[in-house]
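**Student:** So you can see what is in the structure, the chains are spelled out below.
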Amino acid sequence: MMKPLAMRNFSLVTSLGAGRAASIAALRAGATGLAPCRFDFLPFFTHTGEVPGLDGDPLTGTLAGFDCRNNRLALMALEQDGFLDSVAAARSRYGASRIGVFAGTSTSGLLQTEQAYRNRDAATGNLPQNFDYDRTHNTYSVARFVRSVCGLSGPAFVVSTACAATAKVYASAARFIAAGICDAAIVGGADTLCATTLQGFFSLGVMAEEPCRPYDANRRGISIGEAAGFSLLERSGAADDADTIFFCGAGESADAYHMSSPHPEGEGARLAMDRALAAAGLEPADIDYINLHGTATLVGDSAEDHAVFSLFGDATPCSSTKGFAGHTLGASGAVEAAFCALAIQHGFMPGSPHTREIDSDLRSQYVCQGRPARIDVALSNSFGFGGSNCSLLFRRAA
Amino acid sequence: MRVYLEGVGLCGPGLDGWEASLPVLAGAQDYIQAPIRVPVSTLLPPNERRRAVQTVKIALAVGTEAFAGSGRDPAETASVFASSGGDGETIDDIMKVLASANRELSPTRFHNSVHNAPAGYWGIANGARAPSSSLSCHDGSFSAGFLEAAVQAVTEQCAVVLIAYDVGYPAPLSLVRPIGAAFGVALVLSPEFLDSAFACLEWRLDPESAASVMAAPGLEALRKNIPAARCLPLLAVLARQAAAEVTLDYLDDLALTLDVTPLTVGLA
Chain A
1 MMKPLAMRNF SLVTSLGAGR AASIAALRAG ATGLAPCRFD FLPFFTHTGE VPGLDGDPLT
61 GTLAGFDCRN NRLALMALEQ DGFLDSVAAA RSRYGASRIG VFAGTSTSGL LQTEQAYRNR
121 DAATGNLPQN FDYDRTHNTY SVARFVRSVC GLSGPAFVVS TACAATAKVY ASAARFIAAG
181 ICDAAIVGGA DTLCATTLQG FFSLGVMAEE PCRPYDANRR GISIGEAAGF SLLERSGAAD
241 DADTIFFCGA GESADAYHMS SPHPEGEGAR LAMDRALAAA GLEPADIDYI NLHGTATLVG
301 DSAEDHAVFS LFGDATPCSS TKGFAGHTLG ASGAVEAAFC ALAIQHGFMP GSPHTREIDS
361 DLRSQYVCQG RPARIDVALS NSFGFGGSNC SLLFRRAA
Chain B
1001 MRVYLEGVGL CGPGLDGWEA SLPVLAGAQD YIQAPIRVPV STLLPPNERR RAVQTVKIAL
1061 AVGTEAFAGS GRDPAETASV FASSGGDGET IDDIMKVLAS ANRELSPTRF HNSVHNAPAG
1121 YWGIANGARA PSSSLSCHDG SFSAGFLEAA VQAVTEQCAV VLIAYDVGYP APLSLVRPIG
1181 AAFGVALVLS PEFLDSAFAC LEWRLDPESA ASVMAAPGLE ALRKNIPAAR CLPLLAVLAR
1241 QAAAEVTLDY LDDLALTLDV TPLTVGLA
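Protein chains in written order, with our numbering: chain A, 1 to 398; chain B, 1001 to 1268.
In short, the hints are calculated from the structure, not lab data.
Beta carbons are placed, not taken as given, at the ideal position from N, Cα and C, and that holds for glycine.
One or more of the hints may lead you astray.
Stated by the list, open to error - Subject to a maximum C-alpha distance of 20 Å in a straight line, what follows is the list of computed EDC-like cross-link-like pairs (lysine to aspartate or glutamate):
(1) B:1096 with A:114
(2) B:1096 with A:132
(3) A:3 with A:286
(4) A:3 with B:1156
(5) A:3 with A:283
(6) B:1096 with A:121
(7) A:3 with A:241
(8) B:1224 with A:134
(9) A:3 with A:240
(10) A:3 with A:274
(11) B:1224 with B:1030
(12) B:1224 with B:1192
(13) A:3 with A:183
(14) A:3 with A:265
(15) A:3 with A:376
Said to hold, decoys possible - Calculated from the model, a selection of chain A residues having no Cβ within reach of chain B, i.e. all distances over 12 Å:
(16) 45
(17) 59
(18) 88
(19) 92
(20) 180
(21) 241
(22) 244
(23) 283
(24) 311
(25) 346
(26) 351
Produce the complete structure using the sequences and hints provided.
**Tutor:** In structure tokens form, the structure reads like this:
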């Protein structure tokens, strides 16, 4: 069984707003950050969850080489909710070498390379002189950036397992802390809008024109969003209080089925939830709320519903929060971990904006309208391309 | 911390498998540079095999070789994949299409562009539903993968296969991120000693030591120019079957040092 870890602080930025207060206010209000995509000149229409303020504010000074949309958004999240102060406190408590950085992303600073290819030298075909591959495009960029911003010297890497990436970093951090390699860890990451994912999901025929409608009988696919989120994990201790949220279990699995389609009966998803429950020593009946992966694709929602219903029946309320801020791809694990923590702290179960008529073939207890509710334990699902699955469990202080 | 090594897979330029490369790695034979030859895996259904990119082929080849002598079932073994930047040719192709007038992407190209594509194919090929992760740590990707795999083996008390690989980018990305050649390596790691184990690896994070180097210039060039090949000093020690300490590159300010004890010698 896993020893629960205290989430000493956490922060997030999505199209709903920057920081915890803006996020819970938007969840309560049933607001949406999805709007017609004005991000790029794409040959199709869709809605995206774009974070305002990322275009005009480049990283400067010692961070200038890291400048790209993904790291700008990561910095924005680090700067919310006193997160950097909490990291500084942990650094003085444990030492810089005892804090790990385990970050996730799907596309890192790939947007930078898309732009560089459009601005190749006409004669040589070379990329622009100022293009910094190592610190922007490379998949490791965001962890290197966080480590640099936070002045840390412990172990670090990036997990890139598509849309499960920032969930799986929680599992990695728990293992490194359990092994005594780290005393604390920053987990989370960022994913930002880029043409590769917009055009890529369009090519798969899974992009909705309208804002996405998870679990709706007429759902037509995903809306892509961008987001960053981070948590500071430590062993439980004297600093715990009634507001402390504990990360208490992770379950990982692979589908072994298809590269871009989930197993139709959700067998991999079920395995991930099962393993998370086992790691936490909990039963399905102990779970008060499930934050679904629920991307609003036909097959994805159906597969997840199979898995959830097979474990929980219709006894456990669940919802997908993709209608709020879109599918933030590699960042969705971190975002939804934060949503679960906010749901527990504020006693509010988020609903599902844009979902109007629940698909009668889906049998789990789906929550359309957000409502006040005491939540002691929440489960968060993240599933990605390549059949990568991860379920996380969070609970309030006992 | 300690893990036991139960199997190795290797595929690189002039390095046609672990067994075949032992004399070269041990320094008993000269290293002769040659184009990489990747064995064709029959594990994938023909449809998936056709769509598989080079990272996938290399990952399947070295992973399969590493399991051959281990007695483990890949379906039941957790896996960690490590690569600096995934499949270079796929990324280049997507960037070129997106910079052109017709931006339509092929869905296959898109799913092959995700960093965990080889992990996905590995799962399909082996029917593996065990936990699987895919990491990047720029030039330190092999060591990052080793750390994740070794920590997981010990904390979860399970065997873990590490599969690390890199392939180069075509121009123009190759000019800003040169990767010498395609290369792949796999290690099957176990938290407990079984008869199939042939080395004990006692490892620690090391902020002091510099990375060990290869004596043969050709192999040293591979080590320096391919992130996954930063493992070569470890493979050389294993090939010599001598107890030795070896340090591998990880981060700018942190290396990975392994104290290697061969077990076949002790058992013989």
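**Student:** Are the hints correct? Go through all of them and say.
**Tutor:** Hint check:
1. B:1096 with A:114: At roughly 8 Å apart (the allowed maximum being 20 Å), residue 114 (chain A) and residue 1096 (chain B) satisfy the hint.
2. B:1096 with A:132: holds (18 Å)
3. A:3 with A:286: holds (17 Å)
4. A:3 with B:1156: holds (12 Å)
5. A:3 with A:283: Roughly 17 Å between the alpha carbons, so the hint for residue 3 (chain A) and residue 283 (chain A) holds.
6. B:1096 with A:121: Since the Cα atoms of residue 1096 (chain B) and residue 121 (chain A) sit roughly 14 Å apart, the hinted pair holds (cutoff 20 Å).
7. A:3 with A:241: holds (17 Å)
8. B:1224 with A:134: OK: residue 1224 (chain B) and residue 134 (chain A) at ~16 Å, within 20 Å.
9. A:3 with A:240: holds (15 Å)
10. A:3 with A:274: It holds: about 17 Å lies between the C-alpha atoms, which stays within 20 Å.
11. B:1224 with B:1030: With Cα atoms ~18 Å apart, residue 1224 (chain B) and residue 1030 (chain B) stay inside 20 Å; holds.
12. B:1224 with B:1192: violated (33 Å)
13. A:3 with A:183: Given pair residue 3 (chain A), residue 183 (chain A) holds - Cα atoms ~13 Å apart, limit 20 Å.
14. A:3 with A:265: With a Cα-Cα distance of about 31 Å, the restraint between residue 3 (chain A) and residue 265 (chain A) is violated, given a limit of 20 Å.
15. A:3 with A:376: holds (17 Å)
16. 45: Correct as stated: the minimum Cβ-Cβ distance to chain B is 15 Å, above 12 Å.
17. 59: holds (18 Å)
18. 88: holds (19 Å)
19. 92: Since the minimum Cβ distance to chain B is about 19 Å, residue 92 (chain A) lies beyond 12 Å and the statement holds.
20. 180: violated (8 Å)
21. 241: holds (28 Å)
22. 244: holds (23 Å)
23. 283: holds (21 Å)
24. 311: The claim stands: residue 311 (chain A) keeps its Cβ more than 12 Å from every Cβ of chain B (closest is about 16 Å).
25. 346: Label holds. Min Cβ-Cβ 32 Å, cutoff 12 Å.
26. 351: Correct as stated: the minimum Cβ-Cβ distance to chain B is 31 Å, above 12 Å.
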